[in-house]
Amino acid sequence: MKARDNPYRSERVEALAFRAEDFDWKNLEARLAAAKGRGAIVGPEGHGKTTLLLEWYARRTDAVLLRVKEGQRRLTSEQRGEIGKSRHLFLDSAEQFGWWGWRELRWLSRRARSVVITSHRPGLLPTVFTCRTSAILLGELMEELTGRIDEHATLCLWQQHKGNVRLALRDLYDAQAGIAGNPAHYWWQFLSARESKASMRWNWDDAFSSVSARWPIWSEFPFRLSWRRRD
Amino acid sequence: MKASVATERKNYRPGEEIRGTASWTTAIAPKTVELRLFWHTAGKGTRDSATVEALVFDHAQAQDTRPFAFSAPDFPPSFSGKLISLIWGLELVLNPGGTQNAGLVISPDGHEIELQSDVVISMPVPEKPKFPWGR
Chain A
1 MKARDNPYRS ERVEALAFRA EDFDWKNLEA RLAAAKGRGA IVGPEGHGKT TLLLEWYARR
61 TDAVLLRVKE GQRRLTSEQR GEIGKSRHLF LDSAEQFGWW GWRELRWLSR RARSVVITSH
121 RPGLLPTVFT CRTSAILLGE LMEELTGRID EHATLCLWQQ HKGNVRLALR DLYDAQAGIA
181 GNPAHYWWQF LSARESKASM RWNWDDAFSS VSARWPIWSE FPFRLSWRRR D
Chain B
232 MKASVATERK NYRPGEEIRG TASWTTAIAP KTVELRLFWH TAGKGTRDSA TVEALVFDHA
292 QAQDTRPFAF SAPDFPPSFS GKLISLIWGL ELVLNPGGTQ NAGLVISPDG HEIELQSDVV
352 ISMPVPEKPK FPWGR
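Those sequence lines, one after another, are chains A and B.
In this text, residue positions in the first sequence follow the working numbering: the first is 1, and each later residue adds one.
In this text, residue positions in the second sequence follow the working numbering: the first is 232, and each later residue adds one.
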């Protein structure tokens, strides 16, 4: 399948609306108000924190959104300048900040009416929402994107990725496209390679390293054996 | 709002002229109307896009039809693989009003280039260092 026809392409996945079982905008705003306008959206990676933050940001006027890159320990000079311009501050990936970076942000945003951050762990600001996922949620997203649902696949993927819906959807993209990452692809590779066995030989080094690199996933072992063309 | 972008055909070679008409019907006359020739990527990764050329229609009426002409750029060509597709298009932006898109194909032969993942490219495999104790 071509990338532009893949139902799991990034533009479609990013357009999915945030959803959760116990989610309500009124309650969320009330929790933020109760926390004196300082709140954190907490949850592991791929659980919808950024999606919720972006939707919340879109609902506000006079707001600024800052995105912290991986490994960024403090605000950049551009970001420092933007903080004072708006009444509401939304900050993604606050857990990346170091001690000094976090103190600086707290100081610069002291006049802001509200500050909402996302973080992998609680404790930086009062938690206003904890993002959770489920196999049912993954199934709902799958149904919205493709119009059909595979309960077994969603459960397997959700468990395999420990609730990380983003990674599960990427695997579904691969499966739809028929490219590496999908176990079925390795099986197909194995079958097609067997047909041209004369020009191929096993490469045990590669086979071993690919298994040991992903140590506990023994279930994938038969699919991770690789072939290399004979010189 | 009703808006449409019509072109003489969908497939173009670099340097060819993309001719057509942009039409719209809105409740009030839009303040600005712009037609953009752009490309964007679609697929597994982050979406990338760029506007190559833009045309502003002055004194737009609530109901209007305007002809346009762009020159098809040399690069990048329309292509599609399993991981990424590059798509050319025309975007009519009415403010206030909304947007309307029309897809195009621009490539050397006028057809979308298909990236083949099954093609085997023979490359020399570097020899691994041999350990003194043998392996």
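In case anyone wonders, no lab produced these hints; they're calculated from the structure.
Even glycine gets a Cβ: it sits at the ideal position worked out from N, Cα and C.
Certain hints may be false.
[As the list claims (entries may be wrong)] Here are the simulated DSS-like cross-link-like pairs (lysine-lysine), alpha carbons at most 27 Å apart as the crow flies:
id	chain 1	residue 1	chain 2	residue 2
1	A	LYS2	B	LYS275
2	B	LYS241	B	LYS275
3	A	LYS2	B	LYS233
4	A	LYS162	B	LYS241
5	A	LYS2	A	LYS36
6	A	LYS36	A	LYS26
7	B	LYS275	B	LYS233
8	A	LYS69	A	LYS162
9	A	LYS26	A	LYS2
10	A	LYS69	B	LYS275
[To be verified] Pair by pair, the computed Cβ-Cβ distance ranges are:
id	chain 1	residue 1	chain 2	residue 2	range
11	A	GLY147	B	ASN332	53 to 61 Å
12	A	ARG113	B	GLY341	19 to 27 Å
13	A	TRP107	B	GLU345	34 to 42 Å
14	A	GLY178	B	ILE259	19 to 27 Å
15	B	PRO298	A	PRO44	50 to 58 Å
- prompt: Among the hints numbered above, which are violated by the structure, and what are their numbers in rising order?
  reply: 3, 4, 5, 7, 9, 11, 12, 13 and 14
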